[in-house]
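Visitor: Chains U and P, in that order, are what the protein sequence lines are. Taking the numbering used here, I'd label the letters of the first sequence as residues 100 to 212. Taking the numbering used here, I'd label the letters of the second sequence as residues 2 to 113.
Derived by calculation from the structure, the hints in this document are not laboratory data. Virtual Cβ for every residue (Gly too), placed ideally from N, Cα, C. A hint or two may mislead.
What the hints assert, rightly or not - Which stretches of chain P does chain U cover? Using the computed rule of at least three CB atoms under 8 Å from a CB of chain U, they are:
{"#": "1", "stretch": "21 to 35"}
{"#": "2", "stretch": "40 to 49"}
{"#": "3", "stretch": "104 to 110"}
Unchecked claim - Quick list of the computed label-pair ranges, beta carbon to beta carbon:
{"#": "4", "chain 1": "U", "residue 1": "Ile-150", "chain 2": "P", "residue 2": "Lys-112", "range": "20 to 28 Å"}
{"#": "5", "chain 1": "P", "residue 1": "Gly-41", "chain 2": "U", "residue 2": "Ala-180", "range": "24 to 32 Å"}
{"#": "6", "chain 1": "U", "residue 1": "Asp-129", "chain 2": "P", "residue 2": "Val-45", "range": "18 to 26 Å"}
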Amino acid sequence: DGGITQSPKYLFRKEGQNVTLSCEQNLNHDAMYWYRQDPGQGLRLIYYSQIVNDFQKGDIAEGYSVSREKKESFPLTVTSAQKNPTAFYLCASSILRDPYEQYFGPGTRLTVT
Amino acid sequence: SQQGEEDPQALSIQEGENATMNCSYKTSINNLQWYRQNSGRGLVHLILIRSNEREKHSGRLRVTLDTSKKSSSLLITASRAADTASYFCATLRGGAGNMLTFGGGTRLMVKP
Numbered sequence: 100d101g102g103i104t105q106s107p108k109y110l111f112r113k114e115g116q117n118v119t120l121s122c123e124q125n126l127n128h129d130a131m132y133w134y135r136q137d138p139g140q141g142l143r144l145i146y147y148s149q150i151v152n153d154f155q156k157g158d159i160a161e162g163y164s165v166s167r168e169k170k171e172s173f174p175l176t177v178t179s180a181q182k183n184p185t186a187f188y189l190c191a192s193s194i195l196r197d198p199y200e201q202y203f204g205p206g207t208r209l210t211v212t
Numbered sequence: 002s003q004q005g006e007e008d009p010q011a012l013s014i015q016e017g018e019n020a021t022m023n024c025s026y027k028t029s030i031n032n033l034q035w036y037r038q039n040s041g042r043g044l045v046h047l048i049l050i051r052s053n054e055r056e057k058h059s060g061r062l063r064v065t066l067d068t069s070k071k072s073s074s075l076l077i078t079a080s081r082a083a084d085t086a087s088y089f090c091a092t093l094r095g096g097a098g099n100m101l102t103f104g105g106g107t108r109l110m111v112k113p
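Whenever a hint applies, use it, and build me the whole structure from the sequences.
Guide: As structure tokens, then:
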């Protein structure tokens, strides 16, 4: 069964704590992405990676960090420097050629109090 | 900045009616994609239309593209309660082939 998995589905943390969200894909896609979605809003790109051991900042990278040690995995760490971390986080992957359709995981809802 | 902007932001219709959502974008595109998101879930790719196409069909979905107006529309015919979801358009960012920019979405509610 091919696809993208994200865990956990719900995550609760206290303010000031770092938290890592998991994203794994078995689609053999080279590119992976992290998005943030706030209630009733669209998706904003946090980080993306096109190859192992390389990643680039997206539009809202401040307060986040990522790693890409394996092709299949692209974990996102929400650090205590992120001022408003409560949101829905979506991971996606794609091949690196036209049409660049993205495949999404089920998302992780992070609540920080 | 948002490349694609959907209109309306919210739409409520009765089952059996047609639903039309519009998307405007700012720069030239290679293709435009539409995605669907059920509440609290990930996005699912629905349909893609290329810049040299004007219309495309897939089941009850019809997408049009007007590159002169930088706009696209998604029509869902004979809507069902199960079509209730948010719908997003996405365009490839210029200069970075694999990067998509998503609009704010249209929240569609289909009442049974």
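Visitor: Each hint: holds or not?
Guide: Status of the hints after comparison with the structure:
By the rule of at least three residues with a Cβ nearer than 8 Å to a Cβ of chain U, the coverage given for the stretch 21 to 35 of chain P holds, with 3 such residues. Counting residues of the stretch 40 to 49 of chain P whose beta-carbon sits less than 8 Å from any beta-carbon of chain U gives 7, enough to reach three: the coverage restraint holds. Here's how the stretch 104 to 110 of chain P fares: 4 of its residues keep a CB closer than 8 Å to some CB of chain U, so the rule of at least three is met and the hint holds. About 47 Å separates the C-beta atoms of Ile-150/U and Lys-112/P, a value inconsistent with the hinted range of 20 to 28 Å.
Between Gly-41/P and Ala-180/U the CB atoms are about 27 Å apart, so this pair conforms to the stated range of 24 to 32 Å. Distance hint check: the CB atoms of Asp-129/U and Val-45/P are about 21 Å apart, consistent with the given range 18 to 26 Å.
Of the numbered hints listed earlier, the single one contradicted by the structure is hint 4.
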